[in-house]
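Undergrad: Start from chain S and add chain P according to the hints.
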Amino acid sequence: GAVVSQHPSRVICKSGTSVKIECRSLDFQATTMFWYRQFPKKSLMLMATSNEGSKATYEQGVEKDKFLINHASLTLSTLTVTSAHPEDSSFYICSASAHGGNTGELFFGEGSRLTVL
Amino acid sequence: GENVEQHPSTLSVQEGDSAVIKCTYSDSASNYFPWYKQELGKRPQLIIDIRSNVGEKKDQRIAVTLNKTAKHFSLHITETQPEDSAVYFCAASGATGNQFYFGTGTSLTVIP
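Protein chains in written order, with our numbering: chain S, 1370 to 1486; chain P, 1193 to 1304.
The set of hints was computed from the structure by calculation and includes no laboratory data. Since the model is a prediction, treat every value here as computed from it, not as a measurement. Among the hints, a few may not be true.
Claimed, not checked - As a list, the in silico DSBU-like pairs of lysine-lysine whose alpha-carbon atoms are at most 30 angstroms apart:
| no. | chain 1 | residue 1 | chain 2 | residue 2 |
| --- | --- | --- | --- | --- |
| 1 | S | Lys1410 | S | Lys1383 |
| 2 | P | Lys1229 | S | Lys1410 |
| 3 | S | Lys1411 | P | Lys1234 |
| 4 | S | Lys1389 | P | Lys1229 |
| 5 | P | Lys1234 | P | Lys1214 |
| 6 | P | Lys1234 | S | Lys1433 |
| 7 | P | Lys1214 | P | Lys1229 |
| 8 | S | Lys1424 | S | Lys1389 |
| 9 | S | Lys1410 | P | Lys1260 |
| 10 | P | Lys1250 | S | Lys1383 |
| 11 | S | Lys1435 | P | Lys1263 |
| 12 | P | Lys1234 | S | Lys1389 |
| 13 | P | Lys1249 | S | Lys1411 |
| 14 | P | Lys1250 | S | Lys1433 |
| 15 | S | Lys1383 | S | Lys1424 |
| 16 | P | Lys1263 | P | Lys1250 |
| 17 | S | Lys1424 | P | Lys1250 |
| 18 | P | Lys1214 | S | Lys1435 |
| 19 | P | Lys1249 | P | Lys1229 |
| 20 | P | Lys1250 | P | Lys1234 |
| 21 | S | Lys1411 | P | Lys1229 |
| 22 | S | Lys1411 | S | Lys1435 |
| 23 | P | Lys1214 | P | Lys1263 |
| 24 | S | Lys1433 | S | Lys1410 |
| 25 | P | Lys1250 | P | Lys1260 |
| 26 | P | Lys1263 | S | Lys1411 |
| 27 | P | Lys1263 | S | Lys1410 |
| 28 | S | Lys1411 | P | Lys1260 |
| 29 | P | Lys1263 | P | Lys1229 |
| 30 | P | Lys1234 | S | Lys1410 |
| 31 | S | Lys1433 | P | Lys1214 |
| 32 | P | Lys1249 | S | Lys1410 |
Said to hold, decoys possible - Just so you have them, the derived chain P footprint on chain S, three or more residues with Cβ under 8 angstroms:
| no. | region |
| --- | --- |
| 33 | 1404-1412 |
| 34 | 1477-1484 |
To be verified - So the derived label-pair ranges between C-beta atoms look like this:
| no. | chain 1 | residue 1 | chain 2 | residue 2 | range |
| --- | --- | --- | --- | --- | --- |
| 35 | P | Val1246 | S | Cys1382 | 41 to 49 angstroms |
| 36 | S | Pro1377 | P | Ala1262 | 24 to 32 angstroms |
| 37 | S | Gln1398 | P | Ser1204 | 26 to 34 angstroms |
| 38 | S | Lys1389 | P | Gly1193 | 24 to 32 angstroms |
| 39 | S | Gln1429 | P | Ser1220 | 18 to 26 angstroms |
Where is the CB? At the ideal position from N, CA and C, for every residue including glycine.
Only chain S is shown next, with the shape it has when bound in the complex (with noise of 0.2 angstroms):
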């Protein structure tokens, strides 16, 4: 199947920083990205739609000024997770269609986790 990778896989951080993880579609081009977060043994809770070129389109309850997501290119989405604070510790995984969104499966990256300390 298809591959996307995710980078870092761990990540360690002070209060108020900000960090830049990468989602990359490494054999297909992906115009629709998916980024998740999850808690310890609960569910994916879809945060935004990463489309290339345009906006991000955000769920409902999640602030797009805290969740920076820029997807340039046609293989490459980023999440910024800006001033990170304690609370914004988890597990945040993405995901791509290799059919472009369009109800194919959903290829997920191994995820990284954010310890902000």
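TA: This is chain P only, laid out in the frame that chain S set:
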């Protein structure tokens, strides 16, 4: 957005028995329903999916059924094995067809 509910949250079965996980969704426009398996510390992996024009789909020991009228779909695993132990998530595609909303997950334990 779409609201997906999943039951049960935990499920323990004896090896060889069947396991059934049920999900309901709220948006009648959803037309794609995948199921994902997530092992501890790993990324979710698609195990089976069904589209709204089909009522049932089977792949070896795994089957999914869909009732569009009632807006619910179920995962059936037969002849369970210890390696089936994981967290299973259902999802619905939402009105736009390209935003996936996940259920709350079911932690399945298969007891040898």
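Undergrad: Take the hints in turn and mark each one as holding or not.
TA: Evaluated hints:
| no. | hint | result |
| --- | --- | --- |
| 1 | S:Lys1410 - S:Lys1383 | holds (25 angstroms) |
| 2 | P:Lys1229 - S:Lys1410 | holds (13 angstroms) |
| 3 | S:Lys1411 - P:Lys1234 | holds (14 angstroms) |
| 4 | S:Lys1389 - P:Lys1229 | holds (27 angstroms) |
| 5 | P:Lys1234 - P:Lys1214 | holds (23 angstroms) |
| 6 | P:Lys1234 - S:Lys1433 | holds (27 angstroms) |
| 7 | P:Lys1214 - P:Lys1229 | holds (14 angstroms) |
| 8 | S:Lys1424 - S:Lys1389 | holds (17 angstroms) |
| 9 | S:Lys1410 - P:Lys1260 | holds (29 angstroms) |
| 10 | P:Lys1250 - S:Lys1383 | violated (49 angstroms) |
| 11 | S:Lys1435 - P:Lys1263 | violated (35 angstroms) |
| 12 | P:Lys1234 - S:Lys1389 | holds (21 angstroms) |
| 13 | P:Lys1249 - S:Lys1411 | holds (27 angstroms) |
| 14 | P:Lys1250 - S:Lys1433 | violated (40 angstroms) |
| 15 | S:Lys1383 - S:Lys1424 | holds (28 angstroms) |
| 16 | P:Lys1263 - P:Lys1250 | holds (19 angstroms) |
| 17 | S:Lys1424 - P:Lys1250 | violated (39 angstroms) |
| 18 | P:Lys1214 - S:Lys1435 | violated (35 angstroms) |
| 19 | P:Lys1249 - P:Lys1229 | holds (17 angstroms) |
| 20 | P:Lys1250 - P:Lys1234 | holds (25 angstroms) |
| 21 | S:Lys1411 - P:Lys1229 | holds (13 angstroms) |
| 22 | S:Lys1411 - S:Lys1435 | holds (22 angstroms) |
| 23 | P:Lys1214 - P:Lys1263 | holds (11 angstroms) |
| 24 | S:Lys1433 - S:Lys1410 | holds (25 angstroms) |
| 25 | P:Lys1250 - P:Lys1260 | holds (18 angstroms) |
| 26 | P:Lys1263 - S:Lys1411 | holds (23 angstroms) |
| 27 | P:Lys1263 - S:Lys1410 | holds (26 angstroms) |
| 28 | S:Lys1411 - P:Lys1260 | holds (26 angstroms) |
| 29 | P:Lys1263 - P:Lys1229 | holds (22 angstroms) |
| 30 | P:Lys1234 - S:Lys1410 | holds (12 angstroms) |
| 31 | S:Lys1433 - P:Lys1214 | violated (33 angstroms) |
| 32 | P:Lys1249 - S:Lys1410 | holds (28 angstroms) |
| 33 | 1404-1412 | holds (count 4) |
| 34 | 1477-1484 | holds (count 4) |
| 35 | P:Val1246 - S:Cys1382: 41 to 49 angstroms | holds (46 angstroms) |
| 36 | S:Pro1377 - P:Ala1262: 24 to 32 angstroms | violated (43 angstroms) |
| 37 | S:Gln1398 - P:Ser1204: 26 to 34 angstroms | violated (42 angstroms) |
| 38 | S:Lys1389 - P:Gly1193: 24 to 32 angstroms | holds (26 angstroms) |
| 39 | S:Gln1429 - P:Ser1220: 18 to 26 angstroms | holds (20 angstroms) |
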